[in-house]
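Enquirer: One letter stands for each residue in the lines below.
There are 2 protein chains.
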Amino acid sequence: MPSILVTRNVGPAAMAKLEASGFDLIVNPVDAEPTRAWVLENIANPDVISVCLMHGQGSDKVDEEFLNACNPNLKTVSTFSVGFDHIDVKGANARGIKIGHTPGVLSDSVADITTMLVLMTMRRVQEGIDLIKSGGPTAPLLTPCARSIPLANALQWPKLPWAPFVMCGPNIGHPNLTIGFLGFGRISEVVVDRLLAFTSKTAPPTILYNSSRARDNQAQLDADFSKRWGTTVRRAEVDEVAEKSDVVIVLCSLNPSTTDLVNAAFLKKMKKSAILVNAARGPIVNSEDLNAALDAGEIYGAGLDVITGEPHVAPDHPLVLNSRCVVIPHMGSADMDTRAAMGDLCVSNAIAGAKGEALVAEVKV
Amino acid sequence: MPSILVTRNVGPAAMAKLEASGFDLIVNPVDAEPTRAWVLENIANPDVISVCLMHGQGSDKVDEEFLNACNPNLKTVSTFSVGFDHIDVKGANARGIKIGHTPGVLSDSVADITTMLVLMTMRRVQEGIDLIKSGGPTAPLLTPCARSIPLANALQWPKLPWAPFVMCGPNIGHPNLTIGFLGFGRISEVVVDRLLAFTSKTAPPTILYNSSRARDNQAQLDADFSKRWGTTVRRAEVDEVAEKSDVVIVLCSLNPSTTDLVNAAFLKKMKKSAILVNAARGPIVNSEDLNAALDAGEIYGAGLDVITGEPHVAPDHPLVLNSRCVVIPHMGSADMDTRAAMGDLCVSNAIAGAKGEALVAEVKV
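Respectively, the protein sequence lines represent chains A and B.
The opening position of the first sequence corresponds to residue 1 in the UniProt record's numbering, with each subsequent residue numbered one higher.
The opening position of the second sequence corresponds to residue 1 in the UniProt record's numbering, with each subsequent residue numbered one higher.
Derived from the structure by calculation, the hints contain no laboratory data.
Here the structure is a predicted model, which means the values were calculated and not measured.
There could be a bad hint or two in this list.
What the hints assert, rightly or not - Derived pair list, reagent style DSBU-like, types lysine-lysine, alpha-carbon separation capped at 30 Å:
#1 Lys364(B) <-> Lys159(A)
#2 Lys355(B) <-> Lys201(A)
#3 Lys227(A) <-> Lys272(B)
#4 Lys75(A) <-> Lys90(A)
#5 Lys17(A) <-> Lys201(B)
#6 Lys17(A) <-> Lys272(B)
#7 Lys272(A) <-> Lys244(A)
#8 Lys90(B) <-> Lys272(A)
#9 Lys272(B) <-> Lys201(A)
#10 Lys201(A) <-> Lys159(A)
#11 Lys90(B) <-> Lys201(A)
#12 Lys272(B) <-> Lys90(B)
#13 Lys271(A) <-> Lys75(A)
#14 Lys61(B) <-> Lys272(B)
#15 Lys227(A) <-> Lys227(B)
#16 Lys61(A) <-> Lys201(B)
#17 Lys268(A) <-> Lys90(A)
#18 Lys227(B) <-> Lys244(B)
Stated by the list, open to error - Derived DEER-like restraints, expressed as beta-carbon distance ranges:
#19 Gln57(A) <-> Ser273(B): 38 to 46 Å
#20 Ala20(A) <-> Arg186(B): 35 to 43 Å
#21 Arg186(B) <-> Ala203(A): 47 to 55 Å
#22 Ala214(A) <-> Arg186(B): 53 to 61 Å
#23 Ala264(B) <-> Ala358(A): 52 to 60 Å
#24 Ser134(B) <-> Pro12(A): 29 to 37 Å
#25 His312(B) <-> Lys364(A): 40 to 48 Å
#26 Asp216(A) <-> Pro175(B): 36 to 44 Å
#27 Pro175(A) <-> Met1(B): 36 to 44 Å
#28 Ala13(B) <-> Thr232(A): 24 to 32 Å
#29 Pro175(B) <-> Ala20(A): 19 to 27 Å
#30 Thr232(A) <-> Asn71(B): 29 to 37 Å
#31 Ser253(B) <-> Ala219(A): 49 to 57 Å
Said to hold, decoys possible - Stretches of chain A that chain B covers, calculated by requiring three or more beta carbons in the stretch to come under 8 Å of a beta carbon on chain B:
#32 51 to 59
#33 184 to 197
#34 209 to 220
#35 233 to 244
#36 264 to 270
#37 279 to 293
Every residue, glycine too, gets a C-beta built ideally from N, C-alpha and C.
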């Protein structure tokens, strides 16, 4: 009897859909990440023809070890994520295994968090929270008037000498901003939709984006984007995105060409008044270089939904301690509707794969 | 020689405009809040015909004491704020003193912070920050799957047992949300513009608002609002706003009728899944009642740009300690462009008043 292996309970509605599929289910009996050994043992079972794979913290790597352990009947691995940097897609495809993922359904949710991080970073919210919660920001205040303020050892809110520009940040509505994207897929497009509700109507921002390669129809594509959003939108090289942007937003996929893309050299090219937001994958931004750039005032601030090494990030991580950086624990797609939709798409891919049908959303590389 | 009294340096551009006005200036010599005695002494000077008053932490109260100390030639007091709860407007007007303030120029900036707080609160960002920074959230996690998680004493990010719905909050894009406003002036209108970039396009939110009194043309006004935003917008009583809203946004002015408007009774009427954002004035929301409602799970979360007693809010204030509440230090209008525009409007009011002309923006009560 053919089976679908489920590495983790994916929520009540998605589990019900799996149960109604007619396939046997082999479900991880505990509501926690399975051990790697449990995964490897079960994918060797010749009855398993499809895997519904929770994006976890190690047990989910589809690497040579995983692929060598797979039984020859396995048709599909369906990951509960849009990103697939934990999966050797070419290796899987070479063995006749299709990879499913969950694009589209999380674009709005990640775009919400990305837009929120842009606002939080421009408006210095982490400094504000630190001021209230724990004795003040960890770096000197940034605004002109504030530079002349003698910083007390414990600069708490009651002791903050208020002045017109104290705790002021740059304005998302400032005329003629430049907003730069590294990666310009579905999520970036939704972020543009969101940000244009905040930016200047009379002098709208220029949108620069870098994508992995220029398209043949690049000029037409950019003309279409510009028309759609009523402002200049065009592809640019990475250096130009760094140099010209007031807001740099990282939303590319993680691969060897994007690892450390935002490094010391990139950060030095950025404006001192510019901010950086990463809502993609941690290793695209070099943490040490970012922290040094923030401390040196090379950029104004940073907002991170993701960080290298997550979730193994200690409270004394330099970027966590730095008031010019807000770090949140990879909550990009963490709303209840979105996770339910991801669960639905994940099991739909697994069921379609088990039936030998085309996946609803297959990773193509 | 007629003089303008300037209680605080209002920034370089605004100070230059004052200097170019032709009036003598009496400027607080230190870049800090003046003493009350300094203010009272200087407004008694018969040369002072206009006051440019920085919104401060006590020295700026225009009360009976202030009005009794004013010289008889004083024509205008111009506050560097849109709110005027620190000013006895009727008392001032009765003595022939006009009050200027700074409406309009800060609407976008406050709307940005308000929208950001809606997103932060729905998406549980304070819990996320606490998880990373200081050993975990201070209240049990809220989402269904999370309830079954045994909470470690130190629930830091590395120890968080990830599951599909852990740290998930409600979705701003959920179909048919109800968004309720207490106060529906300029800032609220801009907040609606912003939020509609995030909410469902196919099932847009209903907007309910309470304003101090129904207008004669209320039906037409609501029809115009509904047409403008392409969804149902209507005035509602306070109780209906509390009962039906998924998001309650406080943006009314502070006065005796709005003090403690959001109290235990209001909070009990709210949905357990609803959030509250206050970007107006602290005392409109009762802090003790809010903290009790959060701890009892009567509402889902709160985001506060303002809080009763500010800035005298200690790090161990119950709402500051509560992970279900994000508190930021009254940063609503704190972007550099906006504060410069407020400075310009503040000095323009002061100069117009000194000249005996109509103020650019006069408080009318």
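Enquirer: Going through the numbered hints above, which ones does this structure break? Give me the numbers in ascending order.
Expert: Checked against the structure, the hints that fail are numbers 1, 2, 3, 8, 9, 10, 11, 12, 13, 14, 16, 17, 19, 20, 21, 22, 25, 30, 34, 35, 36, 37, while the rest are satisfied.
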